[in-house]
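Peer 1: When you get a sec, could you build the whole thing from the sequences and use the hints?
As given, the protein sequences belong to chains A and B, one line each in that order.
In terms of our numbering, the first sequence opens at residue 1 and continues consecutively.
In terms of our numbering, the second sequence opens at residue 1001 and continues consecutively.
Hints listed in this document are in silico derivations from the structure and should not be mistaken for laboratory results.
One or more of the hints may lead you astray.
Unchecked claim - For each label pair, taking beta carbons as the anchor points, the in silico distance ranges come out as:
1. B:1273 - A:132: 28 to 34 angstroms
2. B:1036 - A:52: 23 to 29 angstroms
3. A:38 - B:1338: 36 to 42 angstroms
4. A:40 - B:1313: 49 to 55 angstroms
5. A:131 - B:1231: 46 to 52 angstroms
Claimed, not checked - Output of the computed footprint for chain A on chain B, the stretches with three or more beta carbons under 8 angstroms from beta carbons of chain A:
6. 1065-1079
7. 1097-1103
8. 1332-1338
Each residue gets a CB set at the ideal place from its N, CA and C atoms; glycine is no exception.
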Amino acid sequence: MVFKMKFIKKSPWILHYDGSSCNGCDIEVLACLTPLYDIERFGAINTGNPKHADLLLITGSVNEQNISVVKQLYEQMPNPKAVVAIGVCAATGGIFKDCYNVQGGVGEVIPVDIYVPGCAARPEAIIEGVVLALNKLERRKSPRKDA
Amino acid sequence: MGKRTIVPFGPQHPVLPEPIHLDLALEDETVIEAIPSIGFVHRGLEKLVEKKDFQEYTYVAERICGICSFMHGMGYCMAVENIMSLTVPDRAEFLRTIWAELSRIHSHLLWLGLLADSIGFESLFMHCWRMREQILDLFDMTTGGRVIFSVCKIGGVRKDIDEEKLKRIVDVLNNIEDELRSLTSVFLEEQSIKGRLSGVGVLSQADAFGLGAVGPMARASGIVTDTRTLGYSAYPHVKFNIITAQEGDCFARTKVRIEEIFEAISIIRQCAALIPSDTLIAEPVKGLPKGEYFARLEQPRGEVIYYVKANGTKFLDRMRVRTPTFANLPALLQTLKGSELADVPVLVLTIDPCISCTER
Ligand code: SF4
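Peer 2: So this is what it looks like as structure tokens:
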């Protein structure tokens, strides 16, 4: 298991889902994939398939309609997995907190490992969030000493 | 004739950066009908006018959509300014135009990238986004933000662009223009791209008119429409062409958007040359708004309408946005009918959908 985790850490696959974000954080997530920030140098690539993904990057808050989608995506991802919530919307609902159709941050529905602050979160911050999440992912699944 | 099958498309789909769901009714490979279901991004932010005062609300308006963020703030401000009979200083109008056109360039480049991605041309996607980063750097330099600037406020703008930075903007744009030329030749002359785009998703002029398409979608079908000709902001002082095409297919829409980037560059150049050198960039806001107003402006995706109704208190009665993607959805459903399943992602993309502003 230990050596397997090493591989995942070297090449995590990312699934990106847009909750009810304003797009601001979304395009910054996409910007991370493109040449200037190039998250691929950490081995990460974007995938559209939750079954292939190790990390879930989620932007925006949850509402009536997407709550089941978020849950479903999370459940479809194989273990070990980690969730990075991007932007203040994903953390608390942010500027839209008082809207009638916003139920709050992503943390209400699925366990979140790393919160990336910012409105919009900057690509540097997103990349740091991903790196931190990877560390968590590794720690989470290394076999315990006493086991 | 085959059996009818329903294929769900979205809400989470690789070509879609945003969630929208379509149920595609198929017969063999042909789409018979597309039934959209929306609401994944609905937040209900129009109602927020009752909780945030009219000045604070500018921040919310900017976050209707992160791609044309500046223009949303601008549209909202224009509506409130008109109700309050505030005259925006000339310099501020020019600055707004510059930022608005920069937003148009960044949005169109983003779209070109996504289009390339949707037809599987990954390196082209990367190139478009690489070029777009240069525009974002300009935003970063002039406003401090990359996607959301909060630089527009009621009565004017918050930040000035000094001579030196204006020069830098023009320099960067000159650079981009050259790069764009080579990109254009790929988009418009490459056989594989042509093959994927031309003749696909034809929207006739009559349909475009009848279904109320706006922006590049309408212009690519031969309708001459551009809200900028109404002469808001600094647009009366600059010359620009309205780009149209006749074919109405995906290729025409690509062509129109590419040409529009060149137009936007020329508008910014003219603005940089004509900008008045006074120091006033914002008129102070006195009193409270009372009355109603429709503001219209041209976003990268087409015409947006802002309706604001104020009752003389800090909180507005009503704020309503009619966004371009919303206006283009009926046209999209029309073009989807009879298309091939494999073309659906490209078709959905060519209206340049912005779901987050459609659903608000
Ligand atoms: S945190 Fe800000 S930029 Fe990000 S999705 Fe929310 S409102 Fe948009």
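Peer 1: Against each hint, give a clear statement of whether it holds in the structure.
Peer 2: Cross-check of the supplied hints:
1. For residue 1273 of chain B and residue 132 of chain A, the Cβ-Cβ distance of about 48 angstroms falls outside the hinted range of 28 to 34 angstroms, so the restraint is violated.
2. At about 27 angstroms, the beta-carbon gap between residue 1036 of chain B and residue 52 of chain A stays in the expected band of 23 to 29 angstroms.
3. The hinted range of 36 to 42 angstroms is satisfied by residue 38 of chain A and residue 1338 of chain B, whose Cβ atoms lie roughly 40 angstroms apart.
4. Taking 49 to 55 angstroms as the suggested C-beta distance range, the pair residue 40 of chain A and residue 1313 of chain B conforms, at roughly 52 angstroms.
5. For the hinted restraint 46 to 52 angstroms between residue 131 of chain A and residue 1231 of chain B, the CB-CB distance of approximately 50 angstroms keeps it satisfied.
6. Residues of the region 1065-1079 of chain B with a Cβ under 8 angstroms from some Cβ of chain A number 4, which satisfies the need for three, so the listed coverage holds.
7. Note: the region 1097-1103 of chain B has 0 residues with beta-carbon separation from chain A under 8 angstroms; the three-residue rule is not met and the coverage is violated.
8. Coverage of the region 1332-1338 of chain B by chain A is violated. Counting CB-CB distances below 8 angstroms, 0 residues qualify, and the rule asks for three or more.
Comparing the model with each numbered hint stated earlier shows that hints 1, 7, 8 do not hold.
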